[in-house]
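A.B. asks: The chain contents come next:
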Amino acid sequence: MHVGLRSYILKRLVYSFVLVILIIMLNFAIFKMMPGDPIQFLTRPFQGKISPEEIQAQQDLLRQIWGFGDPFHIQLVKYLRNLLTWNFGISIVGKTPIAELMARRIPYTLLLLGSATALSIVFGVLLGVAVIQRRGTIWDSGAVTSSLVLGSLPTFWLGLVFLVVFFGFLQWFPNAGAFPRIWALGWPQALSSTSKSSPNTLSIAFSFDIGQAWTLVGGYLHHLFLPLLTLTIFSFGSWLLLTRATMLDTIAEDYIVTARAKGLTERSVLYRHALKNASLPLITSAALSFGFILSGAIITETVFTYPGLGGWIWESIQTLDYQVLMAVFYVISICVVVANIVADILYGIIDPRIKYG
Amino acid sequence: MIGVAKRPSKLAFTLGRFAGFLKLLFRNGKSLAGLTIIAIFCVLAVVPQWFTPFNNLGQDITERGFPLAGGSTAPVWLRYIPAWLGGKPTLSENMYVFQNPGYPKLRRDDGELNFTIDGSGIVINESDANYPYVQPRGFLKFAEPGSLNVTFSREEGILYNESRVIIFKEFDFPYLGVPSRFYGNIELLVKGTVDVKGELDAPVKVTVFLGPVGGRMWRLWPPPNNPIEDSRVPRGFTRDLVTGQPGPIVKPEYGALVWDNASYTWVDRGWITSVSTDISVIDSESNSVVNAKTDFGRPPNRPVPMVFTSVPGKYIYGVEMIFSDRKNSSKPVSTSVFIDDFGLILFGTSFGFMGTDHHGQDLFAQLIYGTRISIYLGVMVAVLSVTIGLAIGLTAGYMGRVVDELLMRFTDILLMLPGLPLLVVLVAVLGATIDNLIILLGLLGWMGFARMVRSQVLSIKERPFVEAAKAVGAGRFHIIVSHVVPSVMPLIYISLAMAVPGAVTAEAALSWLGFYDPFRMSWGRMLNAFFEANATTNWWWVVPPGACIAALAAAFVLLGYALDEVLNPKLRQRR
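Chains A and B, in that order, give the protein sequences. Each residue of the first sequence is one higher than the last, beginning at 1 in our numbering. Each residue of the second sequence is one higher than the last, beginning at 1001 in our numbering.
For reference, chain B alone in the conformation it holds in the complex (with noise of 0.2 angstroms):
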């Protein structure tokens, strides 16, 4: 009845003292801060999906390893800031020139594709055709059935010797700088008459080019023979013609030229003369595709030709088919040509709020989801080494003598190791999972906890109301938990706080050494990226992390702070 009766007053009197607890709390201003900043990482890392479209590596979602940008490409914002405040007018920024490259379509059926035809027997269609093989990388998000359809027919009994069809588009490129990378892709299927030896009866030959117009076209596909000696292929690295400055930097390791699933044997320097025999089997791997997926990247320690120029203006990206019809005049013949993800991504020199990472991966992305380790780890850690400090602590506290002696022998002795270069040992040999992180920093971390909640038992072991206690008969254990315990929480309490800082700084540092979980993005990571990458003039780069860590680390400290004035009367008073 007694029991009933007292549980609700209890009960209300713990709340109360909460209330007043975290009054006080409240009412302090570092603490208020600290708070504030706590809260907003913890959004951060509880939802970052909110912030940022991208993954935690800063990829694209469905794109995974497909660059969003160039490498090491700087914010967005800059351009919009004058040179003299250290704004960089000569950015440009990603283009996407085909608005639906996933089915090319003529002007003149509400497209935005230009044609001229040069000779007779070529008709230009849309088609249906649907191509079911992976669409390449960067225009899964214009996947969509059709194509377009270039034929070339005639009676028997006449040569047209040679018709020669462009299908291209125009257009403007506004920047005052040039972009770092190029992306073209189109996707080719023949069909036609043949001869006896399997051949078609009218050839056809492709190339695909890129330039400005009035000026110089480049030729993108076919391939050279000898790709390093074909210095008429531009490899997406550009270089500025009117101030001859090289393009932004662009790392050597995007330099290999990619020609995908492009078949030579049949292919002698754009010609094609066989055909594929049904759409329905085609895929990348058939010969009877050609999938010139181009991804031009920089040879190093040669010229490049120059394809963009500093000055805004027009470029023309199109294809160029010319049909020869020279074999046979005596039979009916007909080539079809199908395109296919006929587009050009132009990655520009400026990305998102935060630029990229040299991987050409978004930072900022990085960055949000940066937070949610730095929480996670810093947290656990907190909770571990309070846990072992407190059970330590009390258990050498009160049970004295050589219990005492031997926990505080063994305390000094861990206080006394180097810390980081024996994490850096413990992680280098057992692997830097981010479960190893947590309870290696927490195993190296409760001894200072653990020395002061010993020093607070051993006062109150001592008080009479323990004496009491055991006077009643209260065992060991009940007198710990509920005499001692409740005696030491506000040192927990500023303790959980005051040991996140070290953690999070400390995993900051282990990442930055290049012990980080590959799997996961951390901000030490970031800093350890940015230090590979050697790009030192990046500060968009650096400064971010870093803050991150010092603010995240300031709060916590704040926070300790602010209990320890909240929870010690005798600081209150003096403030």
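The shape of chain A in the complex, shown without the other chains (with noise of 0.2 angstroms):
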């Protein structure tokens, strides 16, 4: 059994490099895709921006970073070498190299996605138990058709929507950034420190500033409230009508029908025996939608001015930061293929009927 799991994952890691490699290719082809030449391509923003001394010290760093020029089997293994050792170059637009401008934007991503995608898991399972507790009445088929309704609005709109409702006519949330302007000029220092030295004892004072800490946090969730909104809107009816439709299965088997039998009240019958049981999927594809963070925000970010990945993808096409966005296009793609190798080795992990194949 051990054994079997074992191979298993080897399996799926193996399977995973593979994968990885492809999406290299894809990205190498991309590059290879673009019409003439891609150092021409790729400099083509500068024309007439910055002096043409600077546009040829731009491409003789492209060619060196990239390898253009050398036989292609050498592109490619440079190629290859670079994106493995996260080296995306320098952003034409930032002049910082790439990686340190992802590093700085990925935090608020994570806690954009990562927000609002465990809302919609939790709203989304509870309203579907809740629904299934009610099927076959009017909450049941409306519950359906809203979440089918909210799932085919175009995110973006919603978005629209929201900073038309709350930011132009009601003035309550802000319409852009991630935490207000005005800290640009001083944050709030919730937690300091003053350290003394005298010649023989050094004292660190640390200092906790709860009404700071407050307009700390208070500050991000007032900018983070609308883009989560909408994502959570958008994305919770997919898991209302996974956990309907799995436990539909589930409350049909003969064991929630023994648990009834044993006089187990209704709630506990649901929660307890059937939702445990209808878990399964849900898991895995919680495990999938995590892996999908970093690149469901793209529209959201940008409507909100959100500054993460997303919004940084839509800045690079302004500016035709090609580098830019080939680099978190990769990053997107490893992030998904982890997550499904976490959501094969937990389903491998937790349901022991799987066959290891």
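Bear in mind the hints are in silico, worked out from the structure with no lab data behind them. A few of these clues could be false.
If you anchor each label on the Cβ, the simulated ranges turn out as follows [as the list claims (entries may be wrong)]:
| no. | chain 1 | residue 1 | chain 2 | residue 2 | range |
| --- | --- | --- | --- | --- | --- |
| 1 | A | N277 | B | I1040 | 24 to 34 angstroms |
| 2 | B | G1431 | A | L61 | 48 to 58 angstroms |
| 3 | A | T96 | B | A1083 | 34 to 44 angstroms |
| 4 | B | V1429 | A | E53 | 50 to 60 angstroms |
| 5 | A | Q212 | B | R1064 | 35 to 45 angstroms |
| 6 | A | V20 | B | K1470 | 37 to 47 angstroms |
| 7 | A | Q40 | B | R1064 | 42 to 52 angstroms |
| 8 | A | R267 | B | F1477 | 52 to 62 angstroms |
| 9 | A | L346 | B | F1477 | 55 to 65 angstroms |
| 10 | A | V20 | B | L1015 | 36 to 46 angstroms |
| 11 | B | P1518 | A | L61 | 26 to 36 angstroms |
| 12 | B | R1463 | A | V165 | 50 to 60 angstroms |
Which residues of chain A face chain B? A partial, calculated answer using Cβ under 10 angstroms [to be verified]:
| no. | residue |
| --- | --- |
| 13 | I23 |
| 14 | L26 |
| 15 | G168 |
| 16 | F169 |
| 17 | Q212 |
| 18 | T215 |
| 19 | G218 |
| 20 | G310 |
| 21 | I313 |
| 22 | I317 |
| 23 | F329 |
| 24 | C335 |
| 25 | N340 |
Residues from chain B that face chain A, not an exhaustive set, calculated with beta carbons under 8 angstroms [stated by the list, open to error]:
| no. | residue |
| --- | --- |
| 26 | G1119 |
| 27 | G1121 |
| 28 | V1425 |
| 29 | P1501 |
All residues carry an ideal CB built from backbone N, CA and C; glycine is no exception.
Work from the hints to combine the two standalone chains into their complex.
C.D. replies: Shown next as structure tokens:
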């Protein structure tokens, strides 16, 4: 049994490694697909903005990083090495290594998408169970229809409508950024430390200001609210539908009849017996959707000008910074692959019935 | 013989089955709702010109690029809704002040212009003179030969010093709010006797003005020597005299003051001193025409004079001509001024069913024409992806072994790639034409369907009737086409319906991100413009396109669900 699991995991890992290589190949193909000479294509946005010498320097740098002009196989190897070592080159616009810029933006995307995914799973699953309790009633069909409709709404439109209502008319929430703009002048100091050193002692005093801490948290939450609301409304419906579908299958099982016959309350039948058994597909798709965290927010982050990876993609399109685009795409793909491995392994561990094949 | 006898019965059988299927489909409430919505959108997509007189970008068909109204205006019907219900009674509408600017006529001659004369020697006549130059924008629909001729003349031996004539129209401005822009026009031609230097014996000073009756008149023409410094020139951007509120939002890109074809060298602060030689060679490029085509935009960041007030009232738009006769009394003198295309358009702060975008283009027309791209793209992508999915699913399922393994792993990889980021990168590199979008969306959308087909084929392959066909000696291709494909037909129908919503929303998302075909209007592009214009309170701009996207997507989802119920008897019994 254990041997089976181990070889199963090993198999998935090998498969995923092949996948990563294939994704890099795809990236390489996109690079090659650029019309004309990639060097010219990548430096086109600077024509007329910086001096010809600087453009020449940029081109030389690109040639050195990506190996354009080398024979094909060497180019490919250089490309592979660069992506595997997170050497994506230097952002044309930010004039900073892309990996560094990316590290600055990833936390915001994780915050937004992580909380949105978690919230929509919680809401979706709870509502799904509640709907099952009232199956066949108007609540049931209403919930199914509204999840279908909400899921087919374009996210960016939902975001724009929220902007019109909550920013345009009511002015309750800000329309851009991840924190109040005024913080750029001085950040709230929740945790501060002062150190005094005398000849033979060093005393450090920490102070924690709860008011400042609340300001900090409140500022972030205030800016997080609208994008979070948009994403949650958009995605909780699919969780509701999934929960409802799996629960429908589960409550037809014999052990549910037994549980009812024992005289358990409907509540404990649903949550302790049915939901537990129906949770397998829920857990795996949760793992998958956490993998898509980095990719899911291009639209929402753009609508609310949130400084995450998705917003960066849009900015890079505007400035024709294709190196950034491809680096972000690569990182997102890797994330998805990792999530797939995790989901597969989770599935293998949780469900002992699975055949490791 | 048998074949001939069989064929009609088989056809009848197929038709009968299809009729039964349609009957079930139409009895289903979901499919009926879905089909109705789809039918409505199809009509809009096929004959948009029945619903709007404008082109796909919301421009006048004869005058592309000329705004239909001010920028970011509201729908007209908002005027008639009381303020406490969210309406805006202070909106104004477009107003063409002159009925016939192409042929200005005095009221005396059944026209619309009044005149006052102060001084001697002035005669006003109609003229047949046809001005063959290009009509100014905004006045094309009034193109008509004919002009107004104002002539100053005297015999030799006297000097009249100064004679003054004003030709004007008094009009009612009935709205409770100011207009968003105004667009005035006048074209002048001057003829007359000249002295040895070639200058007019009686030069004429021309001033075009606009203002409230009894109030201060604002000079619109001649242009100031320095348009930025001369604060007496109103710039179309209007401010409310009573409330002090600025007029409606006018974007700074309309701020440029356009003095088309006005020649400054020989017009000194409105004094016209030289003469045209021949009417027939006049065009807007020649010096002999003062074509003060004025499009008064708003200069940013400076206070602007006020022309209109929020109190409905009478206004005057007119032209004043002062003939100066001081030079030479020893010969007969005459100067004629021909006036043509004398008009004024007041752009309102409301327009049409849905208002306008920031370029003054009709949003309703954009919405109607946007249907076309969404339906076309949605259907094409569905057909393309279902075709690819069918081919791959059938091949993988029927061939089995290595082919199956390879194709399915390939499918898995494509399923795993994050869709929108990949699409964004590819469209950014390849260009955002509609064909590219269809191909990319089709190539990235077949995987789920291929998997379904494969599993279906795997189960059908083992059925006795396939074995029987094999035993009879049927070839692979024959078995696939006449035994396997019919059994996946329901799946094809359902997937065709279900593939459309994703494609429609993906197109909208890409257009919204800025990847749109500049010659086509789409719902996503409308929302992109909304986002760019930053018109955060114009809900009439943002709600309809999104609602249309959602309605179209939901219609196909409903149809797909209905097909699922009709074609899968198991589901039908459960309901």
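A.B. asks: Could you run down the list of hints and mark each one as holding or not?
C.D. replies: Results of checking the hints against the structure:
1. A:N277 x B:I1040: 24 to 34 angstroms: Given a distance of about 45 angstroms, which is not inside 24 to 34 angstroms, the answer is violated.
2. B:G1431 x A:L61: 48 to 58 angstroms: violated (27 angstroms)
3. A:T96 x B:A1083: 34 to 44 angstroms: violated (52 angstroms)
4. B:V1429 x A:E53: 50 to 60 angstroms: violated (28 angstroms)
5. A:Q212 x B:R1064: 35 to 45 angstroms: Distance hint for A:Q212, B:R1064 is violated at roughly 58 angstroms.
6. A:V20 x B:K1470: 37 to 47 angstroms: At roughly 42 angstroms between Cβ atoms, B:K1470 and A:V20 fall inside 37 to 47 angstroms, so the hint holds.
7. A:Q40 x B:R1064: 42 to 52 angstroms: violated (35 angstroms)
8. A:R267 x B:F1477: 52 to 62 angstroms: holds (58 angstroms)
9. A:L346 x B:F1477: 55 to 65 angstroms: This hint is violated: roughly 43 angstroms between Cβ atoms.
10. A:V20 x B:L1015: 36 to 46 angstroms: violated (54 angstroms)
11. B:P1518 x A:L61: 26 to 36 angstroms: For A:L61 against B:P1518, whose Cβ atoms are near 33 angstroms apart, the range 26 to 36 angstroms holds.
12. B:R1463 x A:V165: 50 to 60 angstroms: Taking Cβ atoms as reference, B:R1463 and A:V165 lie about 57 angstroms apart, which means the hint holds.
13. I23: holds (7 angstroms)
14. L26: holds (8 angstroms)
15. G168: This hint holds: A:G168 lies near chain B, its Cβ roughly 4 angstroms from the closest one there, short of 10 angstroms.
16. F169: holds (6 angstroms)
17. Q212: With a minimum Cβ separation of about 31 angstroms from chain B (threshold 10 angstroms), the hint on A:Q212 is violated.
18. T215: Interface hint status for A:T215: violated (26 angstroms vs cutoff 10 angstroms).
19. G218: Constraint on A:G218 not satisfied, violated at 23 angstroms.
20. G310: Result: holds, 8 angstroms to nearest chain B Cβ.
21. I313: holds (6 angstroms)
22. I317: holds (5 angstroms)
23. F329: holds (5 angstroms)
24. C335: holds (8 angstroms)
25. N340: Nearest chain B Cβ about 6 angstroms off; hint holds.
26. G1119: violated (57 angstroms)
27. G1121: violated (60 angstroms)
28. V1425: holds (5 angstroms)
29. P1501: holds (5 angstroms)
Checked against the numbered hints given earlier, the structure breaks hints 1, 2, 3, 4, 5, 7, 9, 10, 17, 18, 19, 26 and 27 and satisfies all the rest.
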